[in-house]
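If you read the protein sequences in the order shown, they are chains E and P.
Every position in the first sequence, counted from 1, becomes a number in this note's numbering once 6 is added.
Every position in the second sequence, counted from 1, becomes a number in this note's numbering once 52 is added.
These are computed hints drawn from the structure, not numbers from a lab.
Beta carbons: idealized from backbone N, C-alpha and C, even for Gly.
Mixed in with the good hints there might be a few duds.
Where chain E lies over chain P, by a calculated footprint (3+ residues, C-beta under 8 Å) [claimed, not checked]: (1) 141–155; (2) 182–196; (3) 309–315; (4) 349–356.
Computed Cβ-Cβ distance ranges for the label pairs, DEER-style [stated by the list, open to error]: (5) E:Pro28 with P:Leu559: 26 to 32 Å; (6) E:Leu90 with P:Gly375: 55 to 61 Å; (7) E:Pro34 with P:His439: 47 to 53 Å; (8) P:Trp493 with E:Phe64: 46 to 52 Å; (9) P:Ala532 with E:Trp30: 36 to 42 Å; (10) P:Leu559 with E:Phe78: 41 to 47 Å; (11) P:Asp434 with E:Phe78: 48 to 54 Å.
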Amino acid sequence: MAIDEEPEPDRPEPAYRGEDDPRWRVTPTKIVVTIILVAAIVLPLLTWTYSRDSPRLFGFPFFYWYQFLWVFLAAGACYLCYVLLRREARAYQAGHGTTLTPPTGPPPGDAGGDELAHQPGHDQDDDQRKAE
Amino acid sequence: MHDVNWVELIILAALFVIVAFMGIRAAKWRRGEAGLDSLHEWGLGGKSFGTWVTWFLLGGDLYTAYTFIAVPAAMFATGAVSGFFAVPYTIVLYPVIFFFLGRMWSVAHRHGYVTPADIVQGRYGSKWLSLAIAVTGILATMPYIALQLVGIQAVLEVAGLGGSSVIARDLPLLIAFAVLAAYTYSSGLRAPAMIAVVKDGLIYIVIIVAIIYLPHHLGGWNGIFDAAKAKMEAPSATDPTKPTGVFIPGPSQAWAYTTLALGSAMALFMYPHSVTAALSSKDRWTGRRNAAILPAYSLLLGLLALLGFVAIKAGTKPIGLDGKPNPQLVIPQLFEDHFPSWFAGVAFGAIAIGALVPAAIMSIAAANLFTRNIYRAFFKPDATAGHEARVSKIVSLLTKVGALLFVLFLDKQNAINFQLLGGLWILQTLPALIFGLFTRWFHKWALLAGWAVGMVYGTIVAYGYCTACTVKHFGSSLAAMPIFGTTAYIGFTAFVLNLIVAVVLTLILRAAKVSNGSDITKQSDYFVDADTPGLVQPDVTEPIR
Numbered sequence: 007m008a009i010d011e012e013p014e015p016d017r018p019e020p021a022y023r024g025e026d027d028p029r030w031r032v033t034p035t036k037i038v039v040t041i042i043l044v045a046a047i048v049l050p051l052l053t054w055t056y057s058r059d060s061p062r063l064f065g066f067p068f069f070y071w072y073q074f075l076w077v078f079l080a081a082g083a084c085y086l087c088y089v090l091l092r093r094e095a096r097a098y099q100a101g102h103g104t105t106l107t108p109p110t111g112p113p114p115g116d117a118g119g120d121e122l123a124h125q126p127g128h129d130q131d132d133d134q135r136k137a138e
Numbered sequence: 053m054h055d056v057n058w059v060e061l062i063i064l065a066a067l068f069v070i071v072a073f074m075g076i077r078a079a080k081w082r083r084g085e086a087g088l089d090s091l092h093e094w095g096l097g098g099k100s101f102g103t104w105v106t107w108f109l110l111g112g113d114l115y116t117a118y119t120f121i122a123v124p125a126a127m128f129a130t131g132a133v134s135g136f137f138a139v140p141y142t143i144v145l146y147p148v149i150f151f152f153l154g155r156m157w158s159v160a161h162r163h164g165y166v167t168p169a170d171i172v173q174g175r176y177g178s179k180w181l182s183l184a185i186a187v188t189g190i191l192a193t194m195p196y197i198a199l200q201l202v203g204i205q206a207v208l209e210v211a212g213l214g215g216s217s218v219i220a221r222d223l224p225l226l227i228a229f230a231v232l233a234a235y236t237y238s239s240g241l242r243a244p245a246m247i248a249v250v251k252d253g254l255i256y257i258v259i260i261v262a263i264i265y266l267p268h269h270l271g272g273w274n275g276i277f278d279a280a281k282a283k284m285e286a287p288s289a290t291d292p293t294k295p296t297g298v299f300i301p302g303p304s305q306a307w308a309y310t311t312l313a314l315g316s317a318m319a320l321f322m323y324p325h326s327v328t329a330a331l332s333s334k335d336r337w338t339g340r341r342n343a344a345i346l347p348a349y350s351l352l353l354g355l356l357a358l359l360g361f362v363a364i365k366a367g368t369k370p371i372g373l374d375g376k377p378n379p380q381l382v383i384p385q386l387f388e389d390h391f392p393s394w395f396a397g398v399a400f401g402a403i404a405i406g407a408l409v410p411a412a413i414m415s416i417a418a419a420n421l422f423t424r425n426i427y428r429a430f431f432k433p434d435a436t437a438g439h440e441a442r443v444s445k446i447v448s449l450l451t452k453v454g455a456l457l458f459v460l461f462l463d464k465q466n467a468i469n470f471q472l473l474g475g476l477w478i479l480q481t482l483p484a485l486i487f488g489l490f491t492r493w494f495h496k497w498a499l500l501a502g503w504a505v506g507m508v509y510g511t512i513v514a515y516g517y518c519t520a521c522t523v524k525h526f527g528s529s530l531a532a533m534p535i536f537g538t539t540a541y542i543g544f545t546a547f548v549l550n551l552i553v554a555v556v557l558t559l560i561l562r563a564a565k566v567s568n569g570s571d572i573t574k575q576s577d578y579f580v581d582a583d584t585p586g587l588v589q590p591d592v593t594e595p596i597r
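With the rest of the complex left out, here is chain E:
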């Protein structure tokens, strides 16, 4: 089954076909997300900032409880990034529709805009979607 309406016809060479999907561009959201994630990777690995015994918390040396704290911080960081990227993706979909058009089946909903919100059986995140 082929998809014919692709904006760029497929050329075998060169590898880079001069595509310019806007989602590949660097955006402020992506920069923020990168900074958050890099911080959540680098900070827990700076061993010398926490390789101490005191202060103890509930009997746990600092070295141990600080790393447990980071389990929560890193999870929070990932959640925050998820929300940010999700928001950006939805804004993109609302603005552009999807880049692929179905070769068969019913035509996309009104004006090819926010099809996702109209599609039944899409149970993930319905609550978040409805909120918008």
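Given chain E's structure and the hints, the job is docking chain P onto it.
Only chain P this time, still in chain E's reference frame:
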């Protein structure tokens, strides 16, 4: 020495029966109309898993039974650097994978990819680069499967089964193996997904009870940490000039701790079984949502690691049925000593079933690599989906038999050492697999050369290094970095070399205008979601037009 503990064994056996039944029934779970005759259905569970099933599946897949045995064992024996590094490792894991999970899922979904090597094949159009990724994946996964069986053995040994009698020692393992093989063959990825839900429920209950009850029973965490500190700072039994272990890493060990954690975190999602579980989720965002909720398992792992220190305070004596001390037995022994038999039985069951989940996913993933990237790529390019599924089922059996033979006939230490080596190897596939998701700048031959350099360097250094020669070849994952001289994770050093080679050669090959293969993916492929209209599962070898 030990007597057979019948209560524990009966509970263990009952849990196994439940699991065997569930695993085989799982074939019907969320089944599509086409049955299980494709890798999409058999190998990826029809991509039907939502956030919570994916959470259990990935949790059961990444935090293996062996981890639950080995991390506390390492804490008990040598302390923080070899044991607790697993905590920062699993902390930074999720921010690391967050970067690429979405793109990986999307491109795989768009093109019907099942394995990491499929993704590389599509991006670079190079069978050889893809073969390198596939072979590395299979090699790294085999000892990992073997280790899961080692985990089951540890539990059985404490329950009193083992020793010199071949029947007592090997029969239970063979039964566990038969259960594993049967449900994997019949149900594919659906079986471990379903079993993971039960097993993780048990694991959470067991660990939470243990972590609340034991410290209370032993006089609180202060005393536990003090006992651990005292043990770690005491002179080592084998080499009195050195301390036994590390309570809190000092400046000289900090870099080892950091590179072990970072290198392991980068390596984990290069493993084919992690990729399989990640690709089986039903949409693009499930993986990233899971990055925010999977750390619950990291918390569990951290608490479990501390049970190694609890065992020090409790004076647990992990002595095997052969009469020799074996730190691997410390957690089962701790449960045996301090809890009633029925609870210990549940704990052992959780660990043993916990081994069956990742072992199944690993054998599926290794089999898919073989089918897609070796068998189909080199021998039978026109294989149909049904044919692929049949080959994968058989190969998944063979990989498990291989792992079983490994455990039955070779020293356990070999499985552990090869698993360490496997982690080092699999990390070398990162540039080809992950960088490709973001850029087509790297040259395929440069990536292949970088991979080869990383593999060879890592293997040689790991072979040659022995810590005060108490361990044999491949016994340690730490060695001095060249130039810098600090002790670091060998895999990490090899990765840096890999990267340097890949960058330098890419510059040269691009300057020389050497063809960089054909890319069948489009930029938009990296952003498709399950509900993007017009998607079909196309032939993986053909570009989508």
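Outcome of the hint check:
Three residues within the 8 Å Cβ limit are the bar, and the region 141–155 of chain P against chain E gives 9, so the coverage statement holds. Chain E is given as covering the region 182–196 of chain P, and this is violated because 0 residues of the stretch bring a CB closer than 8 Å to a CB of that chain, at least three being needed. Under a criterion of three residues with beta carbons nearer than 8 Å to beta carbons of chain E, the stated coverage of the region 309–315 of chain P is upheld, 4 such residues being counted. Counting residues of the region 349–356 of chain P whose C-beta sits closer than 8 Å to any C-beta of chain E gives 3, which meets the bar of three, so the coverage hint holds.
At about 29 Å, the beta-carbon gap between proline 28 (chain E) and leucine 559 (chain P) stays in the expected band of 26 to 32 Å. Between leucine 90 (chain E) and glycine 375 (chain P) the CB atoms are about 58 Å apart, so this pair conforms to the stated range of 55 to 61 Å. In this structure the hint that proline 34 (chain E) and histidine 439 (chain P) lie 47 to 53 Å apart at CB holds, the actual value being about 49 Å. Between tryptophan 493 (chain P) and phenylalanine 64 (chain E) the Cβ separation comes to about 50 Å, which falls inside the hinted range of 46 to 52 Å.
The given range of 36 to 42 Å is respected by alanine 532 (chain P) and tryptophan 30 (chain E), whose C-beta atoms sit roughly 41 Å from each other. For leucine 559 (chain P) and phenylalanine 78 (chain E), the Cβ-Cβ distance of about 42 Å falls inside the hinted range of 41 to 47 Å, so the restraint holds. For aspartate 434 (chain P) and phenylalanine 78 (chain E), the hinted distance range of 48 to 54 Å is satisfied, since their beta carbons lie about 52 Å from each other.
Of the numbered hints given earlier, the model fails hint 2 alone.
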